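Chemist: If you're matching them up, the sequences are chains A and B in order. Using our numbering, the first residue of the first sequence is number 229, and each one after it goes up by one. Using our numbering, the first residue of the second sequence is number 126, and each one after it goes up by one.
These aren't lab readings, by the way, just hints derived from the structure by calculation. Keep in mind that this is a model prediction, so the values were computed, not measured. Be a bit skeptical, because a hint or two may be false.
With a Cα cut of at most 27 angstroms, we get these calculated DSS-like pairs of lysine-lysine [what the hints assert, rightly or not]:
hint, chain 1, residue 1, chain 2, residue 2
1, B, Lys130, A, Lys441
2, B, Lys130, A, Lys325
3, B, Lys130, A, Lys445
4, B, Lys574, A, Lys380
5, A, Lys465, A, Lys380
So you can see what is in the structure, the chains are spelled out below.
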Amino acid sequence: MFDLLIVLSRYVFVFYIILFLWQGVVYVAYEQGGYFGNPFRAISVQKRILVCYHLTAFLILGYNRETLMYQWQVVAFGFAGLVFLLVAMYVLNRFYKDGCPLIWMGVLFLLDTSLIMLQRLNASLAYRQLAFIVFGVFVVLCIPRILKLIPKFEIFEWAYIIVSYGLLICTLLFGVSHYGSTNWLKIGSITFQPSEIVKFLYIFYLASVFRKKVDWKEFLTTGFLSFGLIILLVFQKDLGSALIFFVTYLSLLYIATSNLVLMGVGLGSASIAAIASYHLFSHVQVRVSAWQNPWSDIEGGGYQIANSLFAITTFGFFGCGLTKGYPTVIPVVESDFIFAAIAEEFGVIFACGIIGIFVMLLYRGVRIALDCGRRYYSILALGITAILSFQTFLIIGGVIKLIPLTGVTLPFISYGGSSVLVSLIMIGLLQWVCIYCKKHGDGTQGKEKKTPSAKKTASTKEKVEVNEVSGGEAYE
Amino acid sequence: MNNMKKSIRRVFWILAICFFLLFGYMVHLVVVQRDGIITNSYNVRLNRDDATIQRGSIVDCDGMVIARSVLQADGTYVREYPRYRMSAHITGYNSMGKAGLELSENFTLLNLHNEILQRVQSVALGTELVGDSIQLTIDMDIQSLAGDLLGSANGAIVVMEPDTGKVLAMQAYPDYDPNTIAADWSSLREDENSPLVNRGTQGLYPPGSTFKLMTALYIMQNYDNWEDIQYTCTGEASFANKTIRCYGNTAHGDLDLNGALTVSCNCFFAEYATQLGQDDLLDTMLDMSMLDKIPFDVATSLNRIGLSGDSTESELVETSIGQGNTLVTPLYMAMFASAIANDGEMMTPYMVDRVIYSDGSYGSSASPDVFQKIMSDEEADLLTDMMVSVVSSGTGTAAQISGYTVAGKTGTAENATGNDHSWFIGFAPAEDPQVAVAVLIENSDKYGKATPIAKQMLEFALNQ
Chain A
229 MFDLLIVLSR
239 YVFVFYIILF
249 LWQGVVYVAY
259 EQGGYFGNPF
269 RAISVQKRIL
279 VCYHLTAFLI
289 LGYNRETLMY
299 QWQVVAFGFA
309 GLVFLLVAMY
319 VLNRFYKDGC
329 PLIWMGVLFL
339 LDTSLIMLQR
349 LNASLAYRQL
359 AFIVFGVFVV
369 LCIPRILKLI
379 PKFEIFEWAY
389 IIVSYGLLIC
399 TLLFGVSHYG
409 STNWLKIGSI
419 TFQPSEIVKF
429 LYIFYLASVF
439 RKKVDWKEFL
449 TTGFLSFGLI
459 ILLVFQKDLG
469 SALIFFVTYL
479 SLLYIATSNL
489 VLMGVGLGSA
499 SIAAIASYHL
509 FSHVQVRVSA
519 WQNPWSDIEG
529 GGYQIANSLF
539 AITTFGFFGC
549 GLTKGYPTVI
559 PVVESDFIFA
569 AIAEEFGVIF
579 ACGIIGIFVM
589 LLYRGVRIAL
599 DCGRRYYSIL
609 ALGITAILSF
619 QTFLIIGGVI
629 KLIPLTGVTL
639 PFISYGGSSV
649 LVSLIMIGLL
659 QWVCIYCKKH
669 GDGTQGKEKK
679 TPSAKKTAST
689 KEKVEVNEVS
699 GGEAYE
Chain B
126 MNNMKKSIRR
136 VFWILAICFF
146 LLFGYMVHLV
156 VVQRDGIITN
166 SYNVRLNRDD
176 ATIQRGSIVD
186 CDGMVIARSV
196 LQADGTYVRE
206 YPRYRMSAHI
216 TGYNSMGKAG
226 LELSENFTLL
236 NLHNEILQRV
246 QSVALGTELV
256 GDSIQLTIDM
266 DIQSLAGDLL
276 GSANGAIVVM
286 EPDTGKVLAM
296 QAYPDYDPNT
306 IAADWSSLRE
316 DENSPLVNRG
326 TQGLYPPGST
336 FKLMTALYIM
346 QNYDNWEDIQ
356 YTCTGEASFA
366 NKTIRCYGNT
376 AHGDLDLNGA
386 LTVSCNCFFA
396 EYATQLGQDD
406 LLDTMLDMSM
416 LDKIPFDVAT
426 SLNRIGLSGD
436 STESELVETS
446 IGQGNTLVTP
456 LYMAMFASAI
466 ANDGEMMTPY
476 MVDRVIYSDG
486 SYGSSASPDV
496 FQKIMSDEEA
506 DLLTDMMVSV
516 VSSGTGTAAQ
526 ISGYTVAGKT
536 GTAENATGND
546 HSWFIGFAPA
556 EDPQVAVAVL
566 IENSDKYGKA
576 TPIAKQMLEF
586 ALNQ
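Chain B on its own, in the form it takes in the complex (with noise of 0.2 angstroms):
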């Protein structure tokens, strides 16, 4: 009988644990997983409109209003976007569905503050119940600049700071008017040109010789004595069933790695790839968290990764150089390029800085997060280091800025259009990066480059 007392309290507890469980995994899912799981387009309740509630606006860092919601006469409100295109794919539209932050702060925008006082003083003094703003780490003033220097060129342009992960612009083009979204809903639908899509975080591209950071930093990893390391480039270089050439067949004579980086010479890295294998790269590259889901305030697309490990050579060889079957979005490029102005810390991006009360106070502001130590300090010196060559004398000389030293990449990406992309990827100043950019502009032959653009947007950015 004790026996059998002791086996029916052991049989409580474990029922117990898992009524325990039960509790915590509840609260887990409101605390951690809330944030996550509502946003989701299937969620009903995002369509709740509660036609009573003024809905929060969205400013930017200085306070300038880029989305409100306006009293009509008839008592419902109207959803305005005064900067119209400029900030469209931050904003996103709040009718026809969701999208971009109308949709990730969609509950946030709804929340009434001091829900209770509001709802007294609506009852008592007709006042209206108003929803809570949110303040965002985007400059208006950048982010202008980055559409105005878009022009008409698809592409994109995501302007961070380094050590903190704030996107400070996101711009990208095709773009639409969240104004007059309805209206426009089926012509936007139908363009093959997808305007509803964000380049910036869902477009996928070949990185170009920007890749070639990566294939770099693999070198310095993997092989020894990379410092000695003496190559002849004569402008072409063969290997299993491919052979590749020099941007304009240009033969690049003797180079090491600073070198090679410096011009951007295809045949050097391509040699050095397949002396080393392609599962080193693959791990590198998968170091980069290049297949990490990136948690941001808008939907992001996952990089693709062109190695599966058991790879052909030529498929190692158009890796090695940024072309073949490797995508990346130009949010992630950004987010590298600050990693290395950044002793190798990739922040997490974020745009929403802290959310303005009805009461016009305001909440706490977000805490920058490290999203992964993706190389050494050292590593990341020796790439700023290259980089600054590649700017001050080598594919990039249109980035300079006088006064500041400036670290970048450039690449041009071939793809199936056979109208190549132009990137770049930089920070400045060197010595202590403030402003990391990205840029990418699509069939460039017809649009002009990505570093000129760069350099306008360093410039600015550094002026703030």
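Looking at chain A on its own, in the form it has when it is part of the complex (with noise of 0.2 angstroms):
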């Protein structure tokens, strides 16, 4: 009978999130002018539908198959789950009024499943994670009130990168390893990943200094203080990170100063770095040939990319329903890998339509960086968005055997405190930024496109850039 209700499970899983991203489509077809439906009754839809998900997966977690019974610990936490749901929509909404929706709705889909998941593979550590999360809004609920107290903080642009410098020196010196990379440091009881902070405080330094006009004096100073701080993470084998850090100069470079050129020679330089580096370290070896053939050394290196695709491929599109599959044989499954049980057990449709809401995320995100009318918000924003986007296709490329395996984690979804921290902040920031441009980038214009009901035609788009561009010389 229970084995019944879990084979059943699995469709409802897929209708669960094939419909939560279809109001997403409604909510954002409203705002550009399409109609397929009310978009403040998509938002609650899918208020709904996270609220069954949640109800759905904790009913067939909490079942004891043996004693036939509910284990109370399983229920007690699905219950507290349902509460910080249930809180966090109300308060976040309350809190950051003009917020997009849906961006909050989508990372609270995110975080839930990051709940189901861990209670599932190893329940101490969805404990922990829940913790992790409630301090994360909480610090999410206090952003603007911070910011309110310091009104122009991009004048700090060498106090970023500074501590970004000491944060990752620190590391190289005290540093703890884990998983072969030595990118954690030890504080009294805390461990964290100060390469996660850095992250954030990177994205402050490169807007601060491309806020400005970018010449050939910005370009060197940025150009060579990044390749530092790259240089940094790679000597601490964090692969990833400095990947990342990479990609987010080279984007965030590039839309400050629209510079093909320019791209070109960081992208040259880049090759030139990734081959050498390829020839220096032999954990980078290693990686790259457990990516082109994990199956001539299944029990050393390949061992973790085939397990991983032992678990996406082996049940298909459906999965195997939630408890029924083997994701643990898969090292480090709470964290980088994540994804891969996800895909067991949810079945591929479901690890597709995770995929589909970390892309609403990044329209979204961008969308807020197009309409915000000045240069360093804009940038701002765009690095967030850019970040968070191309940490998640790092890790599931890896994940998926499409690019060689950096271990990163995958936001919002894997377990790890400063990862979930560091990635709520960005978004809270994200939608302050959002917030803060309707109320001073353009006036009349903002107040109306803070509710989808005011629909945009062609002629309000167009005032709308006047003023964007005014804004932005105004401030230059």
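From these two lone chains plus the hints, build me the complex, please.
Modeler: Here it is as structure tokens:
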């Protein structure tokens, strides 16, 4: 009987995520001038789907097949998770009134997926993850207050980069090793990944420098300092972060200058650096050969990827049903490889849906960057969006063997305090930029735009752009 | 600012394309690569033997059951193989790990057709959950004859349909009884005859004189006016560091290419191989897909080529007559004979014809697939003519079947044991080939030659 329910639940989960994404489409379509449905209703449907998703998953997870009883710990945790979801949906919208509700819903869906998967994989990690998430949301709620106190935080550009260097050098000197990378710091009983915090500071730094006209001087200083950071990360064997920093630098440089030649120079030097690091570092060679042919060395370097591919492909599009798979044979499945576990138990369609939610976040983030009148905030918004999206691409691509594996976390889903906290703060900041620009960027248009009920026409769009141009110049 | 917007849009599209690559690759993994990945023996999910599901049966082309699961009194299922050893290397086994079709079709056999309906019925009516069954292209009558003819001789017989690639029989000895695999496991593992190895697909043997078909093709492709070749065989020929003799030291006298193949003259092929050089021979061997991985339902070994491009002349001489370090599987030789029969098109071999669902309905039949076109129609016809004269007037007269024209090539492979292996590959009828066969008998001095066995196999299969 219970087996039958699990079999059916596979289809229900796929239904949830498709409906969830469709409501996102409905919302966006309205904003763009189409009409598939009421956008406010779309958001409230998404909220209901999220609650149903949570309930369905925990009803399956809590059932004990031997005793035919519900396990109270799981039920209690599920209830705590539900309370968190309901409270978060309420307070986030309240504290960020004009923020993008789609972003909040997408992030909450991913966070809930994290709680469900961790409860299934390793319950004690799930409890800690919930604590991190609650703390993260609390910090997010404080962001608007804190930023009100510091009106012009773009002037601290040197502070950002100095602290970044300080953190990374400390890690190099006093760092602790996990999974082959020396990228953890331990203070008292707390261990954290400084590279996560540095990511954040780095975006601030670049946005601060690039807010002005970018000349050779800026290009060379930022290029040189970024190169230094990347080298430090490579020495910590944290290749994923190094790559993320590099791509962030390139994309921000590109949008700040619109100069393809600079991009070419950057890409060229990166290729040389990549080839050099392949020849210099044995761990890079191991990763690349495990990617090229994991099957030739399944018991050694290819073990993780091979098992990940078994997990993703064995049960196909609909998966084997929650609790019915074997994700725990994959090393580090709670963190880097959690996507493989999702694909195994929820199926490949659902896993594609998770990627779909990341695409939704990417789109909304870029929308905020585009709608923003000020150069500084635009760069900040795009930096945050690019960093999260690229990190997602890196780890999912690595897990499915599209690209060589680089050990980074899947934002919002992987277990890890630093990762969840920093990802949440980034999203908070993105939302704050969204609100700030609507308030200050372009007077009346901003007010009109804050609700999707204000349909944009071609003429208002033009006006918006004129305003944005003047705003940018005024600032410079 | 407008430039910046354009750049932001571009960055968005680049990232979006990255995500679409992820979508595409995920689907590619599940749709295209899945079958190749999931049957890897390291996949722990293979051992998920859901005790509540009745594993599907395996039946031959006439519906004769060769593997099935039977419900015991205690509610568990036991796997039975009603034909014992006869189908061992085809079905493989399902305990002590998995092998054969039990491995490659594991997830099909455990798949529940109309799963929801079956589970609802199971809850409501208490019916069994039944996995899908598979129907093979194997004909157990031919398979049994192959087993009887092999007897206790180490070796392998592969029978194929040339124009489709259907495997009709694949027998190898030594074998084992899959019903008692768990009890016999340690002795099977330690047996130095390796009975767990399927010699039909995994055994690697020097091709012996059957390889002269390839050398003949290479002479046709590279020697101008090969029709005019006249060679006088004295029974012995010397090359750098190497003297070779024809079988039984026979001097064959004046020969053209056709005559040389008919009597299997070693001196002839060695002479022209050294004249033409090894590079082209290597090319011809590669053109024959010798080093291409054969996609098949059970584990296969990759052939080996004894030429490297800078091999010595004596290595070239050995290779040209099928001795030396070139090694092939019987399955490959059956595919090669089939390709000659099928106008040069080598078909992908297959054993699983279709799925039989638990409600008795059938899935669609597997469709034949060309593995590679390895020679032109004319070349295939010329080789067929030569193979016909091998059987009508040459070394293969023991394969003659009254009423049919048989095309074939015999072979004797020297090897490290000092006790030659005997080969026969061929097909019939030559005008309209229906069946192709490859027979290999190890150490044939003790157990008799391959050619008469191949004759009986062809005759029986033609009359089926």
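Chemist: If a hint holds in the structure, say so; if it does not, say that too.
Modeler: Hint by hint, here is what the structure shows:
no. : hint                 : verdict
1   : Lys130/B to Lys441/A : 16 angstroms, holds
2   : Lys130/B to Lys325/A : 26 angstroms, holds
3   : Lys130/B to Lys445/A : 24 angstroms, holds
4   : Lys574/B to Lys380/A : 94 angstroms, violated
5   : Lys465/A to Lys380/A : 35 angstroms, violated
Checked against the numbered hints above, the structure violates hints 4, 5; every other hint is satisfied.
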